Each structure stands twice: as structure tokens, then as C-alpha cells.
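With these hints in hand, go ahead and build the complete structure from the sequences.
One letter stands for each residue in the lines below.
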Amino acid sequence: MTVIFQLNGEDCRFDGDPMTPLVDILRQERFLTGTKAVCREGFCGACTVHVDDEAVPSCLKPIGLVQGCAVTTIEGLSSGNQALHPLQANLEAADAVQCGMCFPGMVMSLSAFVRDNPHASRPEIKAAMVGNICRCTGYERIVDAVADRLEQARKAGQSVGGIHV
Amino acid sequence: MSELSATVMNLPRRDAQDKLRGRTKYTNDRVRPDMLHAVLLRSTVAAGRIRKLDVSAALRCPGVRAVATGADAPGLYGIGIADHPLLAIDTIRYHGEPIAVVAAETEKQAREALAAIVLEVEPLAPVSTMAEALQPAARLVHEGWRGYEVITEGGARAGNIAWEAKSSRGDVDAAFARPDIRIVESSFTVGRQSHVPFEPRVAIGSWEDGRAHIQTSTQVPWTVRNVTGRVMQLAPGGVRVTVPPVGGGFGLKFDASIEPITALLARMTGRTVVLENTRQEEMATCLCRENAEIRIRSAVTAEGYIAGREAVVLMDCGAYGGEQVFLTTMTAHTLGGNYRVGATRLVSRAVYTNTPPNGAFRACNGVYNTFALERHTDEICDALGFDPMEFRKKNVLGDGDLGATGQVFEADVLGPMLDRMEALRASTGTSEAKADGRLYGIATTVGTWFVFVGPSAATVNLNADGSATLVTSGVEIGSGTMVQSLPQIVAGQLGLAPDQVIVREADTDAAGLDVGVGGGRTTVSIGAASIAACAEVREKLLRTAGEMLQTRPEDLVLRDGRVEITGRPGSGMSIPTVVAHAQATTGPITGSGAFTARNTPAMSGCAMGHFIDALDIPVFVVHEAEVAVDPDTGHVEVLAYRVVQDVGRALNPRAVMGQIQGGVVQGLGYALHEEVTITADGRIAQDDFETYRLPLAQDVIPVAADLYEGAPSMGPLGTKGAGEVPILAVGAAIGCAVARAIGKPVRQLPLTPPRVLRLLHEREPPPEFPHIAPGWASNTLG
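If you read the protein sequences in the order shown, they are chains G and Y. Residues 0 to 164 (numbering that gives the first Met the number 0) are what the first sequence spells out, left to right. Residues 0 to 781 (numbering that gives the first Met the number 0) are what the second sequence spells out, left to right.
I should point out that these hints are in silico values taken from the structure, not numbers from a laboratory. Some hints here could point you the wrong way.
[Said to hold, decoys possible] Cβ-Cβ distance ranges computed for the label pairs, FRET-style: (1) Lys433/Y - Ala126/G: 53 to 63 Å; (2) Ala126/G - Asp411/Y: 38 to 48 Å; (3) Arg29/G - Asp418/Y: 56 to 66 Å; (4) Pro32/Y - Asp10/G: 17 to 27 Å; (5) Lys107/Y - Val129/G: 32 to 42 Å; (6) Gly79/G - Asp498/Y: 33 to 43 Å.
[Claimed, not checked] Rough simulated footprint, nothing fancy, chain Y against chain G, three-plus residues with beta-carbon under 8 Å: (7) 37-43; (8) 64-75.
Note that this is a predicted model, so its numbers are computed, not measured. Ideal Cβ placement from N, Cα and C applies to all residues, glycine included.
Quick look at the structure:
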């Protein structure tokens with residue numbers, strides 16, 4: 000089967016088993032290794048990408064279901080020499096990163112969350128992280144960074160996630 | 000102290016941006032289309048004899064380039080004892096043990112070829128538990144144990160007892176016979192903990208110019224180098240190991256495991272071979288924190304003096320000795336730590352079973368021995384009517400007190416740290432109101448840990464562009480030492496900014512020996528070696544500058560990228576100018592440095608079978624937890640958590656705080672819901688993210704921490720390791736707080752809701768150890 004979709008803004012064509020998990024196409028055929036295949040069962044969130052602006056685990060997304068969709072990976076969020084996405088900048092400023100394996104998925108999940116929930120409380124941020132596991136950091140600095148992002152966006156009076164993805 | 004002021008800072012991580020952008024290439028991101036994929040044939044029984052193993056049909060399968068079995072790598076490896084084959088040879092000792100490996104053009108082809116391997120196994124009744132293993136008539140997990148090469152002498156061994164370490168100081172029998180004491184006895188049992196690094200164990204092996212080159216996700220490049228050479232029986236120096244950024248370790252990657260297999264297949268095929276555990280394989284064969292059984296007895300006077308203490312600690316090493324052989328050592332320092340004790344004797348045994356081998360995990364051994372010791376201490380207080388905080392203040396180790404092996408501790412550290420905890424609590428307030436009708440408990444506990452010092456080497460090259468290159472065998476596993484403390488240390492020594500210090504990732508062809516990233520040792524050991532290397536660089540730099548400036552070297556200082564005359568800011572010349580002059584006259588400026596353990600002595604005759612007789616750098620913690628227990632569901636909510644940690648000196652306080660938050664949360668998982676059980680057929684039952692319950696964001700709270708500086712340390716600039724120890728006393732603090740909340744003794748972790756409910760309703764049977772004899776000496780090999 001042939002699947003046509005957009006990948007980080009470019010046309011992309013896949014020929015093969017439509018049940019192939021999206022994460023395998025990204026990593027093994029497109030060498031977009033920022034998307035991490037950790038549990039491959041939808042629990043850890045490390046493989047999260049945006050499909051038509053919605054954060055989804057790419058391990059549970061058969062490639063056949065992205066026909067005609069726009070897929071954005073972590074590499075597409077702030078590519079080349081572009082500045083970090085504001086949320087990435089807040090995570091860097093909070094010294095949140097340790098081993099780093101969960102962060103691409105964390106960024107993809109939470110960048111969609113801050114875009115859609117500009118007034119989220121700390122408990123709401125934590126609830127949104129239920130599908131993203133981190134084994135190193137104990138989470139609180141990630142929550143801090145998200146809270147900082149929302150506060151800065153509110154102060155700036157701009158729509159959160161001004162970089163639209 | 001200008002050197003210190005130039006070193007201590009909250010330096011951000013230089014690897015953060017690439018990690019956040021998904022650009023960092025971990026080992027498992029380096030798979031290329033021209034690589035072969037290796038897949039392991041693993042045992043589906045816990046114990047058996049291989050009657051037939053025929054791989055000829057698999058070799059004929061499409062895409063297959065090689066099949067290897069134990070016969071291709073006959074050497075045995077291990078820590079202390081060489082008991083572990085790379086692939087099973089004749090005997091299967093655990094469910095999941097690798098028996099053969101296929102390398103093929105694709106992973107799918109390799110998996111299909113596994114089915115063509117003819118394997119006939121005669122199953123044996125597995126020795127599933129330590130209780131079974133210690134029966135007099137138990138089948139031996141290693142029939143040929145006597146024939147194994149002993150790598151480290153000194154431990155007693157017999158049959159299913161892989162290793163025994165003892166410590167004995169003073170007349171314990173006399174202490175227990177005193178008329179003025181009461182005896183308190185407690186038994187504890189704990190399960191395994193799975194590390195779950197997000198990057199599983201993975202290695203890429205190639206064969207280059209007659210040598211193996213392994214890229215791997217490891218904490219111990221030199222161990223991988225040495226084990227690979229050993230099992231493949233290669234000529235000295237036949238292995239090169241390089242280490243990309245590691246996606247989490249936590250101790251799991253402190254031993255060689257699958258790496259040599261990739262080198263073996265690379266030699267057989269001439270191709271580059273990748274082997275990566277699936278998540279199921281990773282968890283089913285995790286070298287877990289070991290399950291353990293602990294019995295402690297103490298003789299305590301009415302005044303609260305601990306006259307005598309004895310303990311038996313059984314540590315399940317699983318099918319092979321591995322790290323547990325070494326870790327028997329730690330009982331003397333963890334269970335034997337914390338308190339001043341008159342006379343003491345402790346025995347710690349690593350026991351073979353037909354279960355997946357265990358290994359190292361952040362604050363190995365210390366986590367459960369601290370749980371046991373602190374709960375036992377509360378049971379002493381309950382039995383004799385002492386206030387737990389006052390009892391601790393009266394009895395914690397202080398200046399001049401003796402440890403279990405007769406080590407003399409320096410300075411009062413734990414006592415002042417308990418005072419600091421009270422001050423921290425006063426500043427944060429308590430959270431009893433949040434219990435909201437549930438059962439509330441608060442507990443303050445102490446812990447003793449150490450820095451695993453040992454050998455490290457460093458080379459510093461000072462470059463004419465004003466940068467310095469630090470070459471070591473250090474690995475960045477996430478803790479930040481390679482991107483924060485080490486460049487800070489080198490910059491502080493050489494008058495540079497940290498971003499001028501390039502830190503080379505580990506390559507055993509480029510850097511000298513290192514025992515690895517673990518045991519809280521990198522900042523201390525590689526840091527000390529780096530300072531020694533910088534001393535040589537400084538000496539050469541100042542000598543050259545002295546000649547150029549017609550000034551004595553001792554009148555010169557390094558500051559802000561310049562060599563200046565002391566007291567005259569802006570004088571002298573830039574470091575690049577001096578380096579360029581040196582390069583043209585005496586040669587490039589380089590320095591090398593080395594460090595190893597001081598080997599602090601124990602009291603003569605006190606330590607038997609120990610790898611470390613005394614702690615060169617003790618590390619202490621005080622942890623306090625507040626919990627609310629729902630009496631209807633047994634759910635434990637952690638309301639507040641406070642830490643006072645002995646850090647010696649915090650080079651990057653913000654990074655240390657990050658380690659404390661992460662370490663405490665891993666400890667909360669261990670204390671409350673991370674549970675590993677072994678099925679009747681010998682498997683680890685929790686082999687995925689659905690069955691193994693990791694802490695989630697909603698489970699955690701911000702940890703309030705106070706860094707206690709100034710305790711003595713031989714570490715550079717007074718440092719101690721800060722990344723490992725935050726997990727140490729979490730099981731203890733939670734266990735004690737829950738016990739106080741529910742008014743019942745807690746003797747087992749994790750405290751899952753069903754277990755807490757059983758405790759509340761007195762339906763949880765207390766641990767009983769018929770295989771631990773009543774008399775202490777009967778639990779030793781004499």
C-alpha cells in the first residue's frame with residue numbers, strides 16, 4: 000500500500016505494510032532518531048509526534064492512518080539553526096534535562112498542551128503528563144518549566160505557542 | 000579561595016539543547032542500513048542441561064551471516080569470581096539466559112532464523128528462592144563452583160553461597176549477656192527493583208585492524224573492554240570501547256552484558272553488528288537491585304546505649320555472582336553505619352538461585368539495609384519507650400566513633416545534619432492538615448553511604464586557541480558530571496571559562512583506566528585526576544610565562560584567560576600567547592593526572608571477605624517523609640519530603656538539587672509501587688511498562704533539600720558524590736512514616752495498597768526465615 004503524508008513540511012511517500020508503526024518509519028527509514036522508541040506500547044510517551052497538530056504516540060499509529068496527514072517530529076519543531084521552541088527554552092533554563100531520552104516526547108506532548116491550555120494550573124500540567132514518563136528527573140522541574148512558559152506567555156499577552164506547529 | 004569561586008556555579012548543561020531538539024545520538028540512534036542485526040535465543044526454562052544445540056539450519060536461513068554459541072566464546076567472567084559465560088555452555092541457569100545468537104541482514108531475518116535452531120534441553124527443578132538454595136540438600140546452581148577462577152581473594156564460598164563477607168568488632172556475646180540490656184529483634188524482606196533506563200542495553204560491534212571496536216551504552220567502558228578480551232580470549236589491548244551519550248543507567252550498565260557478543264559476531268562476519276535488547280528482554284533480564292532478607296538483633300540499655308548488634312543479610316545474586324559478590328561488602332558500611340554501637344558482628348551472603356542475575360542499582364545494598372536499620376531503630380524506640388528523634392540524636396555516628404569494621408569516623412556530621420533537618424522543617428512547615436482525615440505519619444531517618452573512589456586517569460591538553468581538552472574515560476549518563484562539574488573543575492584550575500573546556504567522551508584508546516561512572520565517583524575521582532593533570536599544565540604554563548615576563552612562576556596567577564602577575568589585574572599576557580610560545584620552544588602544553596582510593600584501614604581482624612574494608616569518603620543523609628494513608632484503600636500519599644544531604648562541597652548546587660529530586664522519586668517508586676516478582680517458572684513477571692509501575696508526574700512532590708557542606712572529604716575541593724545517594728534513605732523514611740501512620744510494624748517493601756491494607760487488618764504475615772539459624776555464627780562459613 001502507498002501512503003502519502005507530510006513529514007516536517009515536506010511530501011513523503013511510503014510503500015509497504017500499512018500496519019507498520021509510524022515510529023519505525025521515522026527512525027529506520029527517515030533517520031529521524033529524535034523520536035524515541037522506548038516502551039512501544041503507548042505508556043512512556045517518548046515517541047510522541049504531532050499528527051495534524053495533535054500529540055500522539057507514534058508507536059501506536061499505523062502508517063496507514065497518516066494518509067493525507069501532516070506529521071511533525073521533534074526535528075521539525077525547531078529545525079536547523081532556528082531558535083528553540085519557547086517551551087524547549089524554558090526546559091533548558093530550568094536545568095530540567097538529565098539523560099534526555101524522554102525529552103523529545105515530553106516536548107511534543109507539552110508543546111501541544113501549552114498551546115491549547117494557556118491557563119492550566121500545576122495539577123492540570125501534571126495530569127497532562129500522565130502519558131510521558133521520565134526515569135531521571137522526578138518531574139518537578141519539567142512542571143516548573145511548563146508553568147514558567149504559561150506565565151511568560153500570559154505576561155506577554157500573546158497566544159501561547161506562538162510558533163505554530 | 001579564588002580557585003573555588005571560579006569553580007562553584009550553576010553552570011547550565013551544554014548537552015541540553017541537543018537533547019531537547021532530539022539531535023543527541025545515543026548508541027541506539029546510530030544504527031545504519033549496512034549493519035547486521037543480532038538477536039538472541041534465550042532460555043525458556045529456569046534450569047536445565049543442554050542436550051543438543053544445532054545451529055546449522057539457522058545458518059542456511061535467508062540473510063543470516065553468522066550464528067554463535069557458547070563454544071565460540073568459552074571464557075568466563077565475573078566480579079570476584081569468574082562464573083559467568085557469555086552464552087550458556089552446557090547448563091542453563093535462568094529463564095532468559097542467552098544460548099545462541101544470530102546475525103542477519105535484518106532483525107526480522109534474524110528472528111526467523113532463531114526458529115531454525117535445534118535446541119534440546121533437559122529441564123531441572125529450579126532453585127527458585129534463597130530459602131531453597133540454603134537447604135542442606137539443595138541442588139547446586141553451579142556444580143563446578145570449586146573450579147572457578149577466583150579474581151579477588153578473601154571471601155568464603157560454598158555451594159550456593161557465592162560469596163560471604165563478615166565484619167566483627169568487640170565481644171558481641173558479652174554485650175547480649177549483659178543484665179542491663181533488652182534485646183530487640185527484627186526481620187525484613189525486600190523485593191527487586193528494575194532500573195528501566197529509557198535506552199536499553201545496546202551495543203554496536205565492529206572489527207577494525209584486527210581489533211574489536213564496541214560502541215555501547217555503558218557506565219563502565221573499561222569493564223566492557225576487559226570482559227570482552229577475557230571471554231573472547233583476545234590478545235592484550237584487543238578491544239576498543241567508545242561511549243556515546245547514555246540514555247540512563249542507574250547502575251544497570253555497571254557490568255558488561257551483551258557487548259562482547261557484538262564483537263564476537265563482528266569478528267565472524269567482518270561486518271558491523273548491532274544488538275539491542277527489546278524492552279521485554281531488557282526488563283526480563285534486568286540486572287535488578289537484588290531482593291534481600293535481613294535479620295537484625297540489638298542489645299540496648301535502658302539509657303538508650305546500643306551495647307551490641309548482630310545481623311544476617313541474605314542477598315539474592317540470581318544465577319551468577321555478578322555485582323552482589325562485591326556488594327556483600329556494603330552491609331558492614333550501611334547496616335553497620337548510622338549509629339554508635341558497642342560490639343557488632345554482621346554477615347552478608349550472596350546466594351545463587353535459578354533466577355535472572357541481579358546487579359548494581361543506585362545506592363546498591365544501602366537502600367534496603369537503611370530501610371531495615373531505620374525500621375529496626377524505630378522498633379527499638381517502641382520497645383524501650385524512646386523518642387525516635389532523641390534516640391537518633393543521641394546515637395548517630397560522630398567524631399571518633401567506630402564503624403562495623405573498626406573504621407574511625409571523623410567529625411560530627413549526622414548530629415548537626417539532624418539539627419539542620421529540624422531547621423528545614425521549621426522553614427517549610429509540616430503538612431499534617433493535608434492528610435484530611437486519613438492516617439498521618441511523619442518520620443526522620445538517617446543513612447550512611449560512601450563514594451566508590453578507585454582509579455581514574457585524566458589528560459588535559461591546553462590549546463593555542465585558549466581552549467583546553469579534557470580526556471578521560473568518563474561517561475555522561477545523565478547526571479551532568481561530564482558537562483557540569485568536570486569542565487567547572489578544569490576551568491577553575493586553569494583560569495578559563497567552563498565553555499572553553501572541551502570534554503572528550505570515553506574512548507579506551509584515548510584515555511587511561513577508569514572503574515566507571517557509578518558509586519557517586521565521577522566528580523571525585525575523575526575530578527581529582529583532572530586537577531592533578533591541571534597541576535602539570537599550570538606548572539608548564541607558568542614556567543613558560545615566567546620566562547616571557549621575566550617573572551618568577553610563583554608570582555604568577557591564572558585568571559580570566561590570562562597569566563597575570565599576582566595582584567596586578569590585567570598585567571601579563573593571554574594564555575594563548577603563552578601556549579603558542581611554548582609550542583614553538585618546548586612543545587605543546589599537556590598534563591596527565593591519576594587518582595585512586597586511599598584504602599583507609601579497618602581495625603585488624605574486623606573485616607573478612609570485603610572488597611572495601613573502610614570508607615575513604617563516607618556520605619551521610621537525613622531524610623524526612625510525611626505520609627497520609629487511606630484506611631479504605633491502603634493508598635499512601637507522600638505529603639512532604641525533606642532532605643539534608645552531606646555533599647562535602649556543592650560545585651553546582653542547582654545540578655545537585657536536580658539529582659536529589661530525581662533520586663528521591665526513584666526511591667519513592669521502590670518504597671511504594673515498583674514491584675518485581677518471580678513466577679513459578681522462574682520469570683520476572685513485570686517485563687513491560689504496564690506491569691511495572693514507575694512513578695508518574697502525579698505521584699511526586701517537590702523535595703525540599705538543604706545541602707550540608709563542610710564535612711571532611713578527600714575529594715577535590717572537598718567534594719563528595721551527590722548523584723547516587725539521594726535514593727538511599729527513601730525506603731527508610733517512607734517505611735517508618737507509614738508504620739507510624741498505621742500503627743503497625745512495616746517489615747517489607749514496596750508498600751503497595753494491598754500490602755498496606757493487609758498490614759492495617761493484620762493479615763500480612765511477618766517475614767520468617769527458617770533458613771536463617773538462630774545463632775549468628777551458624778549463618779557463617781566459619
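Lys433/Y paired with Ala126/G, Cβ distance criterion 53 to 63 Å:
With a Cβ separation near 18 Å, Lys433/Y and Ala126/G fall outside 53 to 63 Å, so the hint is violated.
38 to 48 Å as the expected CB spacing between Asp411/Y and Ala126/G, which holds or is violated
For Ala126/G and Asp411/Y the Cβ distance comes to about 45 Å; the hint holds.
Taking 8 Å as the C-beta cutoff, is the stated coverage of the region 64-75 of chain G by chain Y satisfied by three or more residues?
holds (count 3)
If you check the beta carbons of Gly79/G and Asp498/Y, does the distance land in 33 to 43 Å?
At 22 Å between Cβs, range violated.
Quick check: do three or more residues in the region 37-43 of chain G have a beta carbon closer than 8 Å to a beta carbon of chain Y?
holds (count 6)
Lys107/Y paired with Val129/G, Cβ distance criterion 32 to 42 Å:
33 Å, holds
CB-CB spacing for Asp10/G and Pro32/Y relative to the 17 to 27 Å hint
With a Cβ separation near 22 Å, Pro32/Y and Asp10/G satisfy 17 to 27 Å, so the hint holds.
Could you see if the CB distance from Arg29/G to Asp418/Y stays within 56 to 66 Å?
Roughly 58 Å apart at Cβ, these two residues keep to the hinted range, so it holds.
When the structure is compared with the earlier hints, violations turn up for hints 1, 6 and for no others.
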